[in-house]
Structure formats: C-alpha cells, structure tokens
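Engineer: Chains as they are written, first to last, in the numbering used here: chain A, 28 to 380; chain B, 28 to 380; chain C, 28 to 380; chain D, 28 to 380.
Errors might be hidden in some of the hints.
Put simply, identical chains are the same to the list, so a pair is met inside one copy or across any two.
When the alpha-carbon atoms are kept at most 16 Å apart in a straight line, the in silico EDC-like pairs for lysine to aspartate or glutamate are as follows [said to hold, decoys possible]: (1) Lys339 <-> Glu62; (2) Lys202 <-> Glu217; (3) Lys202 <-> Glu215; (4) Lys102 <-> Glu66; (5) Lys297 <-> Glu331; (6) Lys186 <-> Asp228; (7) Lys48 <-> Glu93; (8) Lys48 <-> Glu100; (9) Lys186 <-> Glu285.
Quick caveat, the hints were computed from the structure, so don't treat them as lab data.
There are 4 protein chains.
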Amino acid sequence: MAGNSFGTIFKVTTFGESHGKAIGGIIDGCPSGVEIDLEAIQNELNRRKPGQSRIVTQRKEPDTVEFLSGIFEGKTTGTSIGFVIENTNQKSKDYGHIKDVYRPSHADYTYDQKYGNRDYRGGGRSSARETACRVVAGAVAKQFLTSIQFQAYVSSVGKIQLEETDAIDFAEIEKNPVRCPNAEKASEMETYIKQIRKEGDTVGGVVSCVIKNVPVGLGEPVFDKLHAQLGKAMLSINAVKGFEYGSGFEGAQMRGSEHNDHFNEDGSTKTNFSGGVQGGISNGMDIHFKVAFKPVATLMQKQETINSQGEKVEMEGKGRHDPCVVPRAVPIVEAMAALVIADFLLINRTTKA
Amino acid sequence: MAGNSFGTIFKVTTFGESHGKAIGGIIDGCPSGVEIDLEAIQNELNRRKPGQSRIVTQRKEPDTVEFLSGIFEGKTTGTSIGFVIENTNQKSKDYGHIKDVYRPSHADYTYDQKYGNRDYRGGGRSSARETACRVVAGAVAKQFLTSIQFQAYVSSVGKIQLEETDAIDFAEIEKNPVRCPNAEKASEMETYIKQIRKEGDTVGGVVSCVIKNVPVGLGEPVFDKLHAQLGKAMLSINAVKGFEYGSGFEGAQMRGSEHNDHFNEDGSTKTNFSGGVQGGISNGMDIHFKVAFKPVATLMQKQETINSQGEKVEMEGKGRHDPCVVPRAVPIVEAMAALVIADFLLINRTTKA
Amino acid sequence: MAGNSFGTIFKVTTFGESHGKAIGGIIDGCPSGVEIDLEAIQNELNRRKPGQSRIVTQRKEPDTVEFLSGIFEGKTTGTSIGFVIENTNQKSKDYGHIKDVYRPSHADYTYDQKYGNRDYRGGGRSSARETACRVVAGAVAKQFLTSIQFQAYVSSVGKIQLEETDAIDFAEIEKNPVRCPNAEKASEMETYIKQIRKEGDTVGGVVSCVIKNVPVGLGEPVFDKLHAQLGKAMLSINAVKGFEYGSGFEGAQMRGSEHNDHFNEDGSTKTNFSGGVQGGISNGMDIHFKVAFKPVATLMQKQETINSQGEKVEMEGKGRHDPCVVPRAVPIVEAMAALVIADFLLINRTTKA
Amino acid sequence: MAGNSFGTIFKVTTFGESHGKAIGGIIDGCPSGVEIDLEAIQNELNRRKPGQSRIVTQRKEPDTVEFLSGIFEGKTTGTSIGFVIENTNQKSKDYGHIKDVYRPSHADYTYDQKYGNRDYRGGGRSSARETACRVVAGAVAKQFLTSIQFQAYVSSVGKIQLEETDAIDFAEIEKNPVRCPNAEKASEMETYIKQIRKEGDTVGGVVSCVIKNVPVGLGEPVFDKLHAQLGKAMLSINAVKGFEYGSGFEGAQMRGSEHNDHFNEDGSTKTNFSGGVQGGISNGMDIHFKVAFKPVATLMQKQETINSQGEKVEMEGKGRHDPCVVPRAVPIVEAMAALVIADFLLINRTTKA
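Excised from the complex, chain A in its bound form (with noise of 0.2 Å):
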C-alpha cells in the first residue's frame, strides 16, 4: 500500500524513480472505443517538460512517451494502459554530493527513515519527475471527455498576482512562458522569475483551474466528495501547500446572505461561490479552484543541514532546478483534474437503478 494508485475506476498506477532506467504506469479502467491521439497526449508531456523556456530547469529530457498495450487500431481496447518514459539525461554524478546529505525541505530525512533506505539520484520516487506519468494518464482521460474543457493557469508568482481587475484572456495562457492568461502580468512574473534564479533563490506560485461544462451530478456525498477527491488529487502534487474552490478561504469571512448562490430557473446559479460544487456533487457551473505551491527546497545558495549521522555539514544545490514550479505545474493540475472527472463520470453510471 505504498500509495502509487489514483482513482476508483478510472485508475492510474505509476512507478518510477528520476534516475532509473525509466517512469511509467498503467491506466486501468480506460474505458474501450476512445479515440486515442497520440501527439495530443505528447503535447502535454511536452507542456511540462524541462528545459521548455528560459524560466524553467534547463535538464533536456525528450520525455517521449510509449504505450505498449491497451490501444490498437487507434482506440482504446478497455484492457489496461501500459506506458513508458525511458530516462535518458541523468546526471546522477550531480547527485554523489546529497547521498549522505539530508536537503532542507526535502524529502531525504523522512524516506531514508521510513524505508531505511532510499535511492538518493536525484530524489529518487520523492522527484517531481513522477508527475509526468499523471500528466500521460491525464491526457488519456481528457480524450475520453472531449466536451469538457480543462484549463489551469499561473495566477500568482511571489507576491505578484493577478487581481480581479486584471483581463483573463485564457488563449494568452500558452503565449508566454509563465502561463498567466494576462500577457502584462505574465511579463512582469517573467522578469521577477529571472531575478529570484540569478539570486540562486526560488519563488512559489498559486495555480488556478477552471473545469468547464461539467455534468450535473458528479461526485459521491459524504466522504467522496467532489471537492474533497479534488483537494486530495491536488495536494498529491510535489510541492502544493493548499487547495481552496468556490469562495475559499475568503467564503470564510462571508455571511450567508452574502454567500448563497441564488438559482436561476433553469438551475444554474447567479453566482457561483459554490465553485460548481454543492454537497459534493457537482451543478452544472463552472468548478472553480486554487493550488498553492511552495518555493522550490533545492537554491543554488550554500545552506547549513546535517548528514545520516546527524552531523552538521554544508551544502549547495547542484543539478538543474526550476526556480519557480508554477508554470510547469499547469499541465499537472490540469491532469489530476482530469483524472478526478474521469473517475466521477464513470462511477455515476452506476448512480441509477
């Protein structure tokens, strides 16, 4: 039960260490007659690749994606989904230096004491690098649910942020390196990127997702809510620190009055504090929500940790790193999102007699 499966029906499995041979998984429960296309899905892996701009880690990984079951003649087949990822630019030499070293914020110091030992290239499993199987199984189940429209962007870089004055133009999203869907904030997120990794430091983000044309009646009340598989699809995600839809954290300081959505009469709703979400199953209205990441652990400043032996000892990043994660995190959340639908969609068959 070491957690490496997500979904009910729709399920995906992943294995993969940032080092080994190569990542992958398997998609059960892919529906059969889906019409798969392949470069879509390399599109989005490529959404998230590294070394795509000047903004993120330069490592250059083709991160091409093969499937060896589960599709033939262009569709699905129902059986299972088996993908692969080879690893071809480790550096693990950049790695030697941290074998020993448990990295500040990082997952070092928790593996090596709950597995007692752990592959240390590079993170091993704890790297972001194991998002790329969800961004390939995302892919997979937004074919199967072409009529709704998934679409993440940076809303936030540092302290700089979009307001609700600024213009969300969601075809600027891809335009610029940042993915912010305002092309003046996106530059100014751009620069201060710049800055921050020529100071050897490393910002966080927020990402926000809208979720379009959703079915009413997705998701399962009390503990499979909607929101609440969302959150913990969220939250699975390297880095993310918190997850608020609908009002959030600001519908906490709202009275009722002010917060219901009022109906129209065909059901949708004046508002939509609800974020599209009401009692865990979903409206019929936009869904709604925000991730929030943290700074990235690894800088390219000299810090001060301590080794196995709980000595202290100084360290400096090596390797390649992001210095701000959000804009190659809009494809994931975008994916785990999709994954979340997907499942929903299909457990809700089963809703009627």
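Following the hints, put chains B, C and D in place on chain A, whose structure we already have.
Structural biologist: Chains B, C and D alone, transformed into the frame defined by chain A:
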C-alpha cells in the same frame, strides 16, 4: 460506490439520514486489544452535540452512541465495531416546506439530479448530522492513539481572527462556547455570532488544528501523501471550502531561502513551514493545518429560489440551525485527523521487510 | 482491514457477534430507485433462520431485520442502507465451557493466536450467524436484479447425491426441509440427517446453484474474472471447502474436443461446459456452480482437545447446532451470488466510452 | 475497474497483450529492504516459458524480465517496482484467420460483446501470456517470504492421477517435463500428452500445491478468509474450473467425527482436513489445495464455429499451442499463492494494538 467509507486499513463506513430511525457506522480494522473508554467517546459526541451552548442550534438530540459489536470485556477484539445513534428529536413537519423546493447553496438540487429522488427531511443524508458518526469513529481512533494529541480550535469567525500577537492557550478552548484558545477573542467572536443570529444571518469561519507527537514516517508518498489524505478528510466535512497545512497559501508568496526548514542535529527542524510533513511523510514535528468553513446556507430570512418544476418560489428557513458551524466543527476536525493518523500508522507497519 | 466488506461498487460491510446485542451491516452503492419489498427480504432471512424445520438447529431466533436508512417511501435513495438484526435468544451460559477451550476444527485457536483475545460466546464473530447479514444484503441485490434468477439447492448430503438420471424440479426445493429438487432424494437425505443427529454426529454436503438470464459481458478479465469472484464469495461462507463451476474438476479429465462449447448462430452454445463464463466474462448462458460444505465441527459427542494453556481436556458440544448445514446454506449461496452479479452489473456500465 | 490489480497491501497491477510491444506490471507495497536475486526471478519465468520442453507449446519467447524501478543497489526501496517483458516472437499473421471468428470456448465472443472491439492477435489480453507477469510478481513475493516454501506440482493429467499409494518426492518435480513428483506417473503422463498432441487434441489436469511454514494468524475472517482469497487467486488463472483446499469436495461426504482435526498439545493437529486454515485464518499446519484446469480450447482440428456476423464458419487452430497447460501452470500457481501469503502477512501486522 456511494463513497460512505473512509480509510484503507482503519476504515469507517457510515449510514443514516437526518430524520431516519438512526444513524450509525462500522469501524473495520481497529486493532484488537485497545481499551475502550465509552464515556470518553460519549464526551466527544457531546462536544459536537446540538444544543450545547447559546451560539449553536437549539435542536435537542441526546446523541447517545450504542456499540453493538467488536468490544468485549472492555477491549476491542479486532472484529468490526458496529454502532448506532438513534434519531430521537426529528421534527419532520418542519421540513414539509422544502419537500419540493431547492434551497440555495444546499444539496437539494444536486441530490435530486443525481439520484432522481431524495429524503428531503432535514437534508437527509446531506445533513451534517452524518458527522456524528465520524466523531464516534474518530474517538475510537484516539483511544488507539493515546500517545498522540489532536487539538483543533476556532481561529476565525467571519473577519475576526486570531492574530500572531494573540496568546494561544489550549486550556481555554473548552472553556468558551466558541472553542477559541484566546479568551478575549472568544468573547468577541461569541458576541458577533449572537449578533449574526439575531439578524437571521450566518457566518463562516476557520478551524485550525495541531497534531502533536506524531511518529516519523507516516504517510505514503506519491498519491497518498499524509497531507493529501488529511486534506481530503477535511474537505469531506460539510461546508468546508479550503484546506492548507504548514505555510499554506502564504507559503506560495515566499522565497525558498525564507521557507526552508533547517535541521537540528536530532532531525527536528528550527522552523516548521513544512507543517510536519516532508515529501508526504511525517517528519516528527507538529502537524498543523487550517480548514475554511463557509457560512451556513440556511438563513432565517426570506430568500427567492426555485422548486423542482423550475418555478420561482420564496422560502424562509425553518427548523433550528447553527448561525456559525465552527464551534461544533472542532471535534469533527479532530476526529477526521485521528482517522487519518490511525490509518497511516497501521499502513506504516507494512513498510519494511 | 479486517475484511468485513464485500464488493467494489455494490458493497456490503457487516458487523456482529453471535451473542452480542445485534448483528447488522451497511449496503453501499445500491442504486437509487430500487423498489424494496421488505416482506420478500424477511422471507429470505426466514429461509436461513434456525428452528425452521426438524433437521436444523432448534435455536429460536426471530431474525427480524430492521432497516435504518437508505430507503424512503418504499424506494432506495442511493445513500447507504444500514440495517440491524437483534440477537434475542443468546444462551451465553451454554458457552462458558468453551471460554478457555479450543474446539477441534473451529476458529477458537486461530482467533486467539491472531487477536490475543476473543468473544468466545457462540463462536463470536466466527459464528455462521454472521451470514444472516449476507442474506439481507443479497435479498436487496435480488430486488435490483429482478430479471435474473438465482436458484440454489442441495445436490448431496454425505454420500447421497443427485445423479444425472435424477429428475430436477425447482418447484420441489422449498417443499422439503433439505431443499433438494428431487422429492425422493430429499426424503432419503432427510432420513439420513436425522440418523446422523441421533448419533450426535454431523455430515457435509454440496449446494449447487444456477443463475439464469445473466446478461452477456459481466465480469472483469484477468484478476476479477466472474467465476473467480463467485468462487471467493462462496469460499468465504463458513464451512466451505471447495468451489467448481461449469465442468469443474471433471473438466480436468476431459479432452478439448469433448469440452469445447460450440456456438449456435445467435452466440449461445450447444453445450455449457464453460458454465456460462468465457475468459472470465458471462456469455449469456446459465451460470452453474457447486459449493462443498464440510461437516459441522460441533459434535454432541465427547472429544479430546486442548485449552489455552496447551493442556489436554475433554469436551462435549452443548448449545443447539445443525447436524448438516447445507439446507440453511441454500439462501446464503444465492445471496452471495446476487451480490457478485449486482456488483459486476454496475461495474460493467463503465466499460464503454 | 478492469480488474488488472491483485492484492491489498502487496499489490500487483499488470498490462499487456499477447502480441503488443510488451507486457509488464507494477508491484506496489513490497516492503523495503528485500534483497532481490534477479536470477532467481528469471528462473521462475523460465519454468513458465514456452518452448522449455517437448510437451509444451513450441513458441520461442526469451521472456526476459527487465526491472525499471523500485530496486536500488540490490534491495527493494519500498517504492513501486515497475517491470516489462518484451514480446519478441509475435507471429501476428498466424492470427489473421481469427480476426473475425469466435473460437469455441475462448474469450473472443465475450470480449467483443463486452468491449465492442478487441486486439484479436493471439487472444490479446485474454491470452495466458498475461500470467508471465504474475510469475514475476510472485517471484518477488517469494524473496520477501524466504522462510515459507511454496511447492506446486501436477497431480493429474486427464484421467491419469497420483493415487494415495503413489510415492511423492518433491525432488522429482523439476526433473520431468510434466512436473509430477512421481517419476513413473510422470512418464505415463508425458506419453499421454504426446499422444494427445499427435491427435491434434488437448487435455485437462490438476495442479496441487503445498505451502509449508506459514505463520499462524494469516487471513482475515469473514469475507477475506485465507482460503477464499487463495481460491480467487487460483480461479483467476486462465483455464481454471475448480478449487478445493484441505478435504475439499471429498470432505463434503464425511462425518464430523471423521473430519475434525484433533489438537496436539502444541496447537498443531493430528490430521489436516482443514488444509491449514481454520475460520479463514492459517493455523500453522501445511496449507494444501488443488486447482482444476480444463483442456486448452485451441485444437489442431477442424471445428465449426461462427463469425461476428453470426454466420457458421469452419476453422482450424494455427499458431503454437500447449496440448496440456498444467506443466507450465505449476509456477503460476506458486506465484499466485506467494502473492496471497505476502499480502496477508503484511495485513496481519496491523492486527494488534
């Protein structure tokens, strides 16, 4: 797959509608040999009970839990623990007016759309009455986890919030009806809630929680990270809109050089922006997190809404409702936290060869 | 993970010891809108009830099921269905003599070793009383599956067995206390069981089952094959030692040229050695299988055994026990079959895009 | 929920079609610190491999397993273990003739009905090639369970069977191509299989298995009884028609006074009709069970069948097939047994407080 179960090894499954004969549940996977203090369990239920103070709903339910199995001569036997709580004070006629009406920001509309029918009395299964069963299960979990402390408290009501400069004294929490660890703030919050109720309105709030003395190593990396499961647990509680742990949303504004938690020689850390979790695994520091609750949707005011024919109708809340849920949410947050920790503690026993 | 749940989507979880206050369970995932005939459910329970005839245990339990949730105005609502059956006729003092004694071929020794303590009264959780909850859940499943027929019957008692030349008339089954579909064999079996009881002994037997009108496509290939899950379901019933379907163990002696089921033009097959399942998936033919039950371990004879100190002691069965379980096992086998089919029917809805 | 996973804590998920690029799987929940002997794993695969002897299919596949993750410096790390086995010798053109034809007693018809399309080459996912992944996972489980012995063997081929008077010598098993522990019977069986093959026919058989040195306490009573899960595991193997343990179907003919296993003072029993399991929990005695395999459905003879249009067609087996599956089934039975035991061993660690 109606999602009425929570947990993998230490697993609780619940049933029951607000106005049915009884609510209850089954705890499966509780280890044998746990000494059970029934009074302590009833005490936890009493902390959640309606009618306990002047600022919560005045519905009077004794909420007495009866255990039917799994406990023998004062100890758990390792078999499944069944329990029921009778519903004794249902005023079903109070709810005739909503039989066919969709209350704004409630689950009436989504349940009807999803299931085709619903027990409309008191919200049926969507009522927060369901959380009483969580409190029972969590109280059993706490008795398995005697060396770990779970302490939740109210940190904000509307815009009134504990500031960093406010003294926090856990001994204060159960002394005031708000369950705020600062007597002065508690009094301010209480006055505000009374005012809100007088206006027939409601207000949201935030519950904070600290878990002390958690062993290192709990949580399964990748999808079942400790904080991801905690987040799901909290988001599954009625009215929750957001979850953050450690530095949370504020952490997204920070730099890595500020945010990293540096090690002491014993593996503890000098700061705790990580919130006791690194790489999804507990690191032995306090786990701390916040949960945002929206304002209760039922107002004692006239509201316009629609009925199941899509016709506009006017309604006004009847029955007895909380003006603010956070005081009663405190034991629920603790209970869900205890369930998460109990489950991961047991799973963790399977980690090493 | 004490294994008190069965099923993936249509899932039942049970609790209860033989001599506790009550036994019961929760059915989760039953679709909404199923019309519930409570009398029909009680009828199924009555078929399993002790004291129903001269050849079963004379323990008198009313075994009345009470539903606590999930049914509203005569229909399921899609929420979890809680139910309890009170234990009214526990003669716990009958069991004082086994408090510290391990009965041969019972679960006393293994429970004590596994859990460290046990509710010894009447076998506690290991008692077949637990199967009453399976019958309730299976009866609910049957009401969801009204177009499918589940018919189990006794095909052998000890060495007396239905031969291929014996006429089979399902209308006979409920007319005789053995539940054998051939009146003559039934009478022979009944006489034999009475004889066995007079000797203070017990005897094993076989229950056969036919499921008619199963749609094509149920069952998930690979690990969750239809017959694999059926087999697990049957093997989980107390006292079961074997399961075979279609040609079974006899099929292992056959040649392919004899064994292959040739198709008619409509996809049905001329023979049915496959037992209605090909590749783990139902093919629309009758599903038929057999379940072997060992003789009851409690004898009304002196037996030598050991106590928990490993000392030799002599014991003699007290209490009221069945000389042969198969007559009362018939409704249990049907119930478990219905649970398996209900679950796969729902899962199958998620198969195609 | 296409059922491609097996196990709860020690869990394997597999993928792959007979003629796709590769088959493979992910083992999740294998404890950290298990020393991995890759040669021993490959050895197990070789025992299952086609072409290993004159009485099995002559298809030549190297069946080399490659591990991609989860093992570091010779030991498991506790993270998920991914592995692949390339398909190197697919003669897909051999299968063009069945693209549109439903082979009798194969899964062609049911897959088409269930999924709407299928990879028809070599049976696709329904091919027993899938079991190679089970052997890999089981071989890893065996390395975790070094103190437990799993020994399966062929006990019957068609009507030729090991009698109680036949000597059983486990050292013989791997010395003959049938894998029968009696050299004389082995030779008789081998001759028979060759005869059957010459006739273009196939024949069924039985695999017996003994598990030695199992600790007391494995298995979860009620639905997840040790033998119920073992039964499911075995019934999920291609071509299996029946499962019995301990006294099995013969036990159903016995009296309680013959069948009860009486205790020695150390808790062991004088006889073992229980098959090492009492109340669903291992009692420390040998676990022994039998698995019935039907004759292979593919004959090298003309057979009449139908195509997907429901038209009668004639077909004859092509490709390379086994005349009798039991010799190659021996390592598969052991592998599945090891997976069941590994899982219950880990679950059992969570039993006591």
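Engineer: State the violated hints by number, sorted upward, taking the hints as numbered earlier in the document.
Structural biologist: 1
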